Amino acid sequence: MSNITSYAHIKHNQVSVNGEIVFHSNSSLTLIEFLSEAYKNLGISYPKFHKMDAQCKLGFLCAEFALKGTNFLTENNLSKTAIVLSNCASSLETDRVHQHSIDDKSNYFPSPAVFVYTLPNITIGELAIKHKITGENAFFVSEQLDADLLVNYTETLFQRNTKTAIVGWVEVDVANFEAFIFLTENTENINKSSIFKSLNQTSVTTIYNQTIWTH
Amino acid sequence: MIFTSYNNIISSLGFSTQENYQAVSNSQVGVKKMKLPFSQDEFCVAKISDDKIQEHLSQIKNADTHTKLEQLSILSIQDVLNQSGINPKDSRTLLIYSTTKGNIDILSSDSVKDDRYKEVDSKRVYLPVFAKHLQSYFQLVYTPVVLSNACISGILAIIIAKRFIKQGTYDNVLVCGGDILSEFTISGFKSFNALSNEPSKPFDGNRVGINLGEAVSTILITNKKELATSYNTQIISGASANDANHISGPSRTGDGLFQCLTQILKKNINDIGFISAHGTATPFNDEMESIAFDRAGLNTIPVNSFKGYYGHTLGAAGVLETVLSLESMKHQRLIKSEGFETKGFSGNITMIESHQDKNFSSFIKTASGFGGCNAAALFEKV
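Line by line, the protein sequences give chains A and B. Take the position in the first sequence, starting the count at 1, then add 1471; the result is the number in the numbering used here. Residue numbers are given in the numbering used here: position 176 of the second sequence equals residue 157, and the series is strictly consecutive.
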């Protein structure tokens, strides 16, 4: 039996946790400004956050909101916690920055600090480092959130060594951004709390569409 | 049981698995110093000959409507379909594509982007659009799954194929891994000071860095015994793990790779014929691997890296190196770790210093990459 125990969704400069909007900023803020506001709202201090590219910041914040107030990190064996993320644009947003730095031969400035973020799974790496999560990793690239793929794959992990997983979607592409992350646990303890849902394609689709965005 | 089946390699050393295995067993090296279209400098890279690609284009429908990576992927996948006779329209067959950068050359605004790409929709820089292009070419029932997990993508894609088949979701999974040489990746690795100006020397005391290479490699993973081929080899187990240490450097103590190895090693480890290591020839990677193999008690198991022949082929590497390892086992021959001369690591491990015959029935493939990721898989004759 696997349950979804918490989830967060970031879109339209708003953050929802378990379906309820918990933070919103002025909709005119740029992505970077919004991420900065959301970071302040969390009230955490993590200097590495400021070095991350936008996609990693977005994934990091979404995971923080999903984890906040849960016992996920303290009660589970983090060597048996998987991180499975996905998006459509891979790392294109940062790819464009790197490409720009090499397009003009007279103004050529490729940077390792940018280049390292030209892989989508760096977002997984940042989550792993922050929370000391050392289990399975996979980054899938699909046109849109593919609930079948994410649920099927997480179930294959639960058939093996994995006990818990952080799963979702982290997309940044030009002006569009969205993150949706849920925590799932393979456990005998079925909690009857209303936010606990069994892990399946329907429940993932339901919670993904649950939030009523205010604008 | 889940079997490794028909396969193909397109690389600097040939357009079929047979050509490639012959080349490495004759100690041919695909890495060469050359000028590339985007720079006056010489780079030491493993490039697929443009002339050779031209020779094969007649096998592709509307060849000029595909990017270079698409052309190579079509040739590689078609070869495996032809050999295996499986029907790509079969509803129980999935394609998993492993890549780090896909059609990244589309992004370049440079003159390098010649009129070859006139007929190419620039949207195919998006990996899902690239995948759908392959789907429509082969009329696949399912949209291909794209995996982009840095340098472990190839071996992780094979592990994922096994998991989906075991789950009962598919009977056959074609795993195709591909990445091409581009100014994008070369300039990026150069900015890291990670490139070697000479053919790279994995695990050697004088290694200074990697050579980039390009390749596409495809392997069929199946639950059908009749497709097991003369390899008659199954995937016993696979695992991935994260170091949770640094986004661009491996764990000094090999934690993630060690965790993978402890998960896949459940039998008498002395039966293992060899380890096909990641072996990029960067100082940190090879050192980390030696420590992880040592910690896992694999001290006497011979180790090689294929990167001395092919350079680092990124998303193709795990597939290409698994295919070469299967060939190596089929021929009961260990392939020399090209470029290795003197010990350049602190772990107590055994390098393969020359080609040699050996009776063996299993091997390990490992990989590690940016983002702290690691993966390992164990293959064994039935």
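Since the hints were derived computationally from the structure, they do not count as laboratory data. You may find that some hints are simply not true.
[Stated by the list, open to error] Taking lysine-lysine pairs in the DSBU-like style, the calculated list, with each CA pair at most 30 Å apart, reads:
# : chain 1 : residue 1 : chain 2 : residue 2
1 : B       : LYS33     : B       : LYS99
2 : A       : LYS1576   : B       : LYS16
3 : B       : LYS13     : B       : LYS28
4 : A       : LYS1576   : B       : LYS171
5 : A       : LYS1634   : B       : LYS248
[To be verified] Residues of chain B clear of chain A, computed beta-carbon distances all greater than 12 Å:
#  : residue
6  : VAL10
7  : ARG73
8  : LYS82
9  : ASN174
10 : LYS206
11 : ARG233
12 : ASN280
13 : LYS339
14 : GLY352
Being a predicted model, the structure only gives us computed values, none of them experimental. All C-beta atoms in this analysis are idealised placements derived from N, C-alpha and C, irrespective of residue type, glycine included.
Hints and how they fare:
Distance hint between B/LYS33 and B/LYS99 is fulfilled; the C-alpha atoms sit about 21 Å from each other, no more than 30 Å. Only pairs whose Cα atoms come within 30 Å are accepted, and A/LYS1576 paired with B/LYS16 is accepted, the gap being roughly 16 Å. Using a Cα cut-off of 30 Å, the hinted pair B/LYS13 and B/LYS28 holds, with the two alpha carbons roughly 8 Å apart. As the CA atoms of A/LYS1576 and B/LYS171 are separated by approximately 15 Å, the hinted pair is consistent with the 30 Å bound.
Distance restraint check for A/LYS1634 and B/LYS248: the Cα-Cα separation of roughly 23 Å lies within the 30 Å cut-off, and the hinted pair is therefore satisfied. With a closest Cβ-Cβ approach of about 27 Å to chain A, B/VAL10 is found to remain outside the 12 Å limit, as its non-interface label requires. Even its closest Cβ contact with chain A, about 14 Å, leaves B/ARG73 beyond 12 Å, as expected for a residue assigned away from the interface. Distance check on B/LYS82: its Cβ comes as close as 8 Å (rounded) to a Cβ of chain A, failing to clear the 12 Å threshold; non-interface status is violated.
At roughly 8 Å, the least C-beta separation between B/ASN174 and chain A is not larger than 12 Å, which violates its mark as non-interface. Every CB of chain A lies more than 12 Å from the CB of B/LYS206, the least distance being 22 Å, so the non-interface label holds. Residue-level check passed: B/ARG233 sits 15 Å from the nearest beta carbon of chain A, beyond 12 Å. Look at B/ASN280: its CB is around 24 Å from the nearest CB on chain A, clear of 12 Å, so calling it non-interface holds up.
Interface exclusion of B/LYS339 from chain A stands, the closest Cβ pair being 31 Å apart, more than 12 Å. At roughly 3 Å from the closest C-beta of chain A, the C-beta of B/GLY352 falls inside 12 Å, breaking its exclusion from the interface.
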